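S.K.: Going down the list, the sequences are from chains E and U. Residues in the first sequence are numbered consecutively from 1, following the working numbering. Residues in the second sequence are numbered consecutively from 1, following the working numbering.
Since the hints were made in silico from the structure, they are not lab data. Each hint should be verified, as a subset may be incorrect.
Unchecked claim - Sample of chain U residues lacking proximity to chain E, with all beta carbon distances greater than 12 angstroms (derived):
#1 Ala49
#2 Ile67
#3 Thr107
#4 Val117
#5 Phe143
#6 Phe173
#7 Val187
#8 Gly191
#9 Tyr220
#10 Ser223
#11 Ile232
#12 Ala236
#13 Val238
#14 Val275
#15 Leu281
As the list claims (entries may be wrong) - Between beta-carbon pairs, the in silico distance windows are:
#16 E:Glu144 to U:Tyr120: 47 to 53 angstroms
#17 U:Leu196 to E:Ala99: 34 to 40 angstroms
#18 U:Ile7 to E:Leu156: 40 to 46 angstroms
#19 E:Thr284 to U:Phe143: 55 to 61 angstroms
#20 U:Thr64 to E:Ala277: 35 to 41 angstroms
#21 U:Leu82 to E:Pro139: 47 to 53 angstroms
#22 E:Val107 to U:Val124: 29 to 35 angstroms
#23 E:Pro139 to U:Gln221: 26 to 32 angstroms
#24 U:Val124 to E:Ala277: 22 to 28 angstroms
#25 U:Tyr122 to E:Ala277: 25 to 31 angstroms
#26 E:Ser210 to U:Thr171: 43 to 49 angstroms
#27 U:Ile7 to E:Pro139: 40 to 46 angstroms
#28 U:Tyr120 to E:Val107: 34 to 40 angstroms
Said to hold, decoys possible - Some chain U residues close to chain E (C-beta under 7 angstroms, calculated; not the full set):
#29 Leu101
#30 Tyr102
#31 Leu112
#32 Tyr121
#33 Tyr122
#34 Trp152
#35 Val239
#36 Val251
#37 Ile255
#38 Ala259
Given the structure is predicted, the values throughout are model-derived calculations rather than measurements. We treat Cβ as the ideally placed atom computed from N, Cα and C, and that holds for glycine.
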Amino acid sequence: MTDLTLSRESAGAAGPLQWALLALAIAALLAAPFVVYPIFLMKILCFALFACAFNLLLGYTGLLSFGHATFFGGAAYFAAHAVKVWHWPPEAGILLGVAGAAVLGLVMGFFAIRRQGIYFAMITLALAQMFYFFCVQAPFTHGEDGIQGVPRGELLGFISLHEPLNMYYFVVAVFLIGVFAVWRIVNSPFGMILRSIRENEGRAVSLGYSVANYKLAAFVMSAALAGLAGALKAIVFQFATLTDVTWQMSGEVILMTLLGGIGTMIGPIVGATLVVALQNTLATSGFPVTIATGLIFMACVLVFRRGIVGEILARLPERHSKQ
Amino acid sequence: MTMVFGIPIQAFLGQLLVGLINGSFYAMLSLGLAIIFGMLRIINFAHGAQYMLGAFVGYLLLATAGIGYWPALILVPLIVGLIGVVIERLAISRLYNLDPLYGLLFTFGLALVLEGVFRYYYGVSGRPYATPPLLSGGTNLGFMFLPNYRGWVVVASLVVCLGTWLAIEKTKFGSYLRAATENPSLVQAFGVNVPLLLTLTYGIGSGLAGLAGIMAAPVYQVSPLMGSDLIIIVFAVVVVGGMGSILGAIVTGYILGLAEGLTKVFYPEASSTVVFVIMALVLLVRPAGLFGKDA
Numbered sequence: 001m002t003d004l005t006l007s008r009e010s011a012g013a014a015g016p017l018q019w020a021l022l023a024l025a026i027a028a029l030l031a032a033p034f035v036v037y038p039i040f041l042m043k044i045l046c047f048a049l050f051a052c053a054f055n056l057l058l059g060y061t062g063l064l065s066f067g068h069a070t071f072f073g074g075a076a077y078f079a080a081h082a083v084k085v086w087h088w089p090p091e092a093g094i095l096l097g098v099a100g101a102a103v104l105g106l107v108m109g110f111f112a113i114r115r116q117g118i119y120f121a122m123i124t125l126a127l128a129q130m131f132y133f134f135c136v137q138a139p140f141t142h143g144e145d146g147i148q149g150v151p152r153g154e155l156l157g158f159i160s161l162h163e164p165l166n167m168y169y170f171v172v173a174v175f176l177i178g179v180f181a182v183w184r185i186v187n188s189p190f191g192m193i194l195r196s197i198r199e200n201e202g203r204a205v206s207l208g209y210s211v212a213n214y215k216l217a218a219f220v221m222s223a224a225l226a227g228l229a230g231a232l233k234a235i236v237f238q239f240a241t242l243t244d245v246t247w248q249m250s251g252e253v254i255l256m257t258l259l260g261g262i263g264t265m266i267g268p269i270v271g272a273t274l275v276v277a278l279q280n281t282l283a284t285s286g287f288p289v290t291i292a293t294g295l296i297f298m299a300c301v302l303v304f305r306r307g308i309v310g311e312i313l314a315r316l317p318e319r320h321s322k323q
Numbered sequence: 001m002t003m004v005f006g007i008p009i010q011a012f013l014g015q016l017l018v019g020l021i022n023g024s025f026y027a028m029l030s031l032g033l034a035i036i037f038g039m040l041r042i043i044n045f046a047h048g049a050q051y052m053l054g055a056f057v058g059y060l061l062l063a064t065a066g067i068g069y070w071p072a073l074i075l076v077p078l079i080v081g082l083i084g085v086v087i088e089r090l091a092i093s094r095l096y097n098l099d100p101l102y103g104l105l106f107t108f109g110l111a112l113v114l115e116g117v118f119r120y121y122y123g124v125s126g127r128p129y130a131t132p133p134l135l136s137g138g139t140n141l142g143f144m145f146l147p148n149y150r151g152w153v154v155v156a157s158l159v160v161c162l163g164t165w166l167a168i169e170k171t172k173f174g175s176y177l178r179a180a181t182e183n184p185s186l187v188q189a190f191g192v193n194v195p196l197l198l199t200l201t202y203g204i205g206s207g208l209a210g211l212a213g214i215m216a217a218p219v220y221q222v223s224p225l226m227g228s229d230l231i232i233i234v235f236a237v238v239v240v241g242g243m244g245s246i247l248g249a250i251v252t253g254y255i256l257g258l259a260e261g262l263t264k265v266f267y268p269e270a271s272s273t274v275v276f277v278i279m280a281l282v283l284l285v286r287p288a289g290l291f292g293k294d295a
């Protein structure tokens, strides 16, 4: 029943052209901070990783989570608290964020996979709202103020992340690891089973797969990777606030994925770049971001459901469809 | 002073009344969601925004044209319903053949736009809407003091909910609706204009949200954000009740409102999350929801 991913699959067997493009993209990433403001780039990379993690669930398992802000914002709180209050090194703080997000994902996934389709979306939204209220009341999040002035610290004890370029290259490394993890998961036998669940859940069950376990595993992986993005963002921007756990944030990551292309590897990255750039532009223009976000949502659903990358792939010559 | 479980009975009943009021709005909104979902197979994320729109239309009618509460009670649902009809014709009707998730995403975008527009022009602070003179003041029931308007909200929402339920169960139009919910193509083959039925259903559902909005205006303040907080709770209500049954949606709305009120008495810290906790428990015990038939 799911026609969420209209685009043809492009992941998998990568030809020489893909490798060349990938090398070019990485080279561009490494050179970018000399041309563009690094903080802006790091924001894009954090959100791009977040969107890729989300796409693992929506694009490759067919589950629409409306609660991913819980993992993003939750991990940001965990990492910020560990680094600031417990004086953990940044890498340990980020790992704690990832672990915390995975646990939250396990709990939320456990409840949410009991229902399908739109019910799944509503349950994740409701549980995320519950986590939001928890964050409003819990003392360690400091309510409306959030955790501020988080030190970036020294990576592995000797690389100062206060140095902008060090921070930037660390973010690039984490981003690449995260995206590679998504790519690996999607193209593994496990990923193939996830896709079969997306295409036809009933048939996957009849083939003997315990669909619930696979869904839960995908949910936890997606949550952990979203947590990686959130924890990284907390270290980069040196704060964690309630904004990152609101339902608006869950909506934002859906928008990035939808705009770029659900179920494509680079779609979410493109989408995140565009959305973050748009928000930056609008911030100075006075036009409300909410309205722009809503309009893009409506336009995407009505006019180009494949997203930007999905539309481009669909127009490319047949090369993609064989594999 | 009489005590209930170590709590003054006045405070106890007061919170129960607040719960009942909240429950009235949960019931009206989940009813509209269930009607729309039953026919259109779309979850109307904009339902909260339409509720907010109802309150604002009432507020603007009063502020600009001097039209008071009672005429607004008729006009607001019509206006909001009409806007719903236009939206269904222009956009939502194009989404019926797609995965239902697209309907959710579209109406989510719509909700953001509506909320954003009102936020842009009116800011986030709430605006008071005066209680109509006929219902100002209160009545001493002997055991507690009941503000008249709140009593009216409870009664009126019960009438609206039961009236809608009866209209769906007992009238000819309702039978068309139920038939088209079961098997749209067959009903179409009998010569019923199903696309028109879908449009009307979305209009009626939106109108109900608008009605709830104008009724809520004197209780809560009129604010652009009033809908988005509510809609998530209503989603939880809908998950608990299961959307298979109209009556189930209504009953669940009232029960969860009361549960929230009771929690405020005994453990105030959890009052904002109790609905979600109940949802999680129901999912454990009965994943299809209390009144749900679908898995």
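S.K.: A separate judgement is required for each hint: does it hold in the structure or not?
M.R.: So, going through the hints one by one against the coordinates:
1. Ala49: With a cut-off of 12 angstroms, alanine 49 of chain U comes too close to chain E, as the shortest Cβ separation is near 10 angstroms.
2. Ile67: Its Cβ never comes within 12 angstroms of chain E, the nearest being 28 angstroms, so this holds.
3. Thr107: violated, 9 angstroms
4. Val117: violated, 6 angstroms
5. Phe143: holds, 33 angstroms
6. Phe173: holds, 26 angstroms
7. Val187: holds, 22 angstroms
8. Gly191: About 29 angstroms separates glycine 191 of chain U from the closest Cβ of chain E, which puts it past 12 angstroms; holds.
9. Tyr220: At roughly 18 angstroms from the nearest Cβ of chain E, tyrosine 220 of chain U sits farther out than 12 angstroms, so the non-interface label holds.
10. Ser223: holds, 15 angstroms
11. Ile232: violated, 5 angstroms
12. Ala236: For alanine 236 of chain U, whose nearest Cβ neighbour in chain E is about 4 angstroms away, the distance does not exceed 12 angstroms, so it is violated.
13. Val238: violated, 7 angstroms
14. Val275: violated, 8 angstroms
15. Leu281: Since the minimum Cβ distance to chain E is about 10 angstroms, leucine 281 of chain U lies within 12 angstroms and the statement is violated.
16. E:Glu144 to U:Tyr120: 47 to 53 angstroms: violated, 23 angstroms
17. U:Leu196 to E:Ala99: 34 to 40 angstroms: violated, 54 angstroms
18. U:Ile7 to E:Leu156: 40 to 46 angstroms: violated, 57 angstroms
19. E:Thr284 to U:Phe143: 55 to 61 angstroms: holds, 59 angstroms
20. U:Thr64 to E:Ala277: 35 to 41 angstroms: Holds, since threonine 64 of chain U and alanine 277 of chain E (Cβ atoms, about 39 angstroms apart) stay within the stated range.
21. U:Leu82 to E:Pro139: 47 to 53 angstroms: Cβ of leucine 82 of chain U to Cβ of proline 139 of chain E: about 49 angstroms, so the range 47 to 53 angstroms holds.
22. E:Val107 to U:Val124: 29 to 35 angstroms: Check passed, 32 angstroms falls within 29 to 35 angstroms.
23. E:Pro139 to U:Gln221: 26 to 32 angstroms: holds, 29 angstroms
24. U:Val124 to E:Ala277: 22 to 28 angstroms: holds, 26 angstroms
25. U:Tyr122 to E:Ala277: 25 to 31 angstroms: This hint holds: roughly 29 angstroms between Cβ atoms.
26. E:Ser210 to U:Thr171: 43 to 49 angstroms: holds, 47 angstroms
27. U:Ile7 to E:Pro139: 40 to 46 angstroms: violated, 27 angstroms
28. U:Tyr120 to E:Val107: 34 to 40 angstroms: holds, 37 angstroms
29. Leu101: holds, 5 angstroms
30. Tyr102: Holds, because the Cβ-Cβ distance from tyrosine 102 of chain U to chain E comes to roughly 5 angstroms (cut-off 7 angstroms).
31. Leu112: holds, 3 angstroms
32. Tyr121: Violated. Min distance 10 angstroms.
33. Tyr122: Violated. Min distance 12 angstroms.
34. Trp152: Not OK, violated: tryptophan 152 of chain U not within 7 angstroms of chain E, min 30 angstroms.
35. Val239: Cβ of valine 239 of chain U sits 6 angstroms from chain E, so the hint holds.
36. Val251: violated, 19 angstroms
37. Ile255: At 16 angstroms from the nearest chain E Cβ, isoleucine 255 of chain U fails the 7 angstroms test, so the hint is violated.
38. Ala259: Nearest chain E Cβ about 15 angstroms off; hint violated.
Violated hints for the displayed structure, listed by number in ascending order: 1, 3, 4, 11, 12, 13, 14, 15, 16, 17, 18, 27, 32, 33, 34, 36, 37 and 38.
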